[in-house]
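Peer 1: One-letter residues, chain by chain:
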Amino acid sequence: NSKVIQTPRYLVKGQGQKAKMRCIPEKGHPVVFWYQQNKNNEFKFLINFQNQEVLQQIDMTEKRFSAECPSNSPCSLEIQSSEAGDSALYLCASSPDSPQDTQYFGPGTRLLVL
Amino acid sequence: AQSVTQPDARVTVSEGASLQLRCKYSYSGTPYLFWYVQYPRQGLQLLLKYYSGDPVVQGVNGFEAEFSKSNSSFHLRKASVHWSDSAVYFCVLSGPNAYKVIFGKGTHLHVLP
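So the protein sequences, as listed, match chains W and S.
Under this note's numbering, the first residue of the first sequence is numbered 1, with each subsequent residue one higher.
Under this note's numbering, the first residue of the second sequence is numbered 1, with each subsequent residue one higher.
Take every hint as true, because none was put in to throw you off.
Label pairs and their calculated CB-CB ranges:
1) W:16 / S:70: 51 to 59 Å
2) S:9 / W:44: 18 to 26 Å
3) W:68 / S:14: 45 to 53 Å
If you only want the chain S side, here are some residues facing chain W, beta carbon under 10 Å, derived:
4) 36
5) 43
6) 44
7) 45
8) 49
9) 88
10) 94
11) 104
12) 108
If you're looking for bench data, these hints aren't it; they were derived computationally from the structure.
The C-beta atom is built at its ideal place from N, Cα and C for all residues, glycine as well.
When you get a sec, could you build the whole thing from the sequences and use the hints?
Peer 2: In structure tokens form, the structure reads like this:
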């Protein structure tokens, strides 16, 4: 079973508010991913890190989304100005080896933007 | 173009019956293929994975999958399902470029007791 920890499990924000969620990857996993899963079970890759450095991110992440994975602290994903369309399940996953290896997922943070 | 197709959005079977969940992929190189399961209000859990070698791979809880390069498929099977197997199952494709992790849209399995 995965040992990836995500907090909070649920997050409710108004439009325009900041939304911040955290992820503690499995110990010893240098690679961390963030995904957005919508209600239609469609997954959107947001960003990934290897040893605190950004490997890849999509354009959406570069605008209202920001993320970091500092050493000795939880990783975080923050939406600067939430929009209704950001309502989704945000999944963090970590991987023990290369980015294309098995990913171990946390339970997710379910964001609702009113 | 790289893609993963799970043609069945919803499958209903009776407890004790055999199961096959279908997955077709499109990928120009050597695919890394995974099956994950998502229970309500939980994240994804790995069932099994295929990189190379024996095309039939064994997973957890009695699941297995068979890779077919000629058919571009990676179908998931179980000989006898239990009601607790009710969940959403995702077929996932990965490759050398980590950005290109592609998820199928999932198959919602409902096991009748």
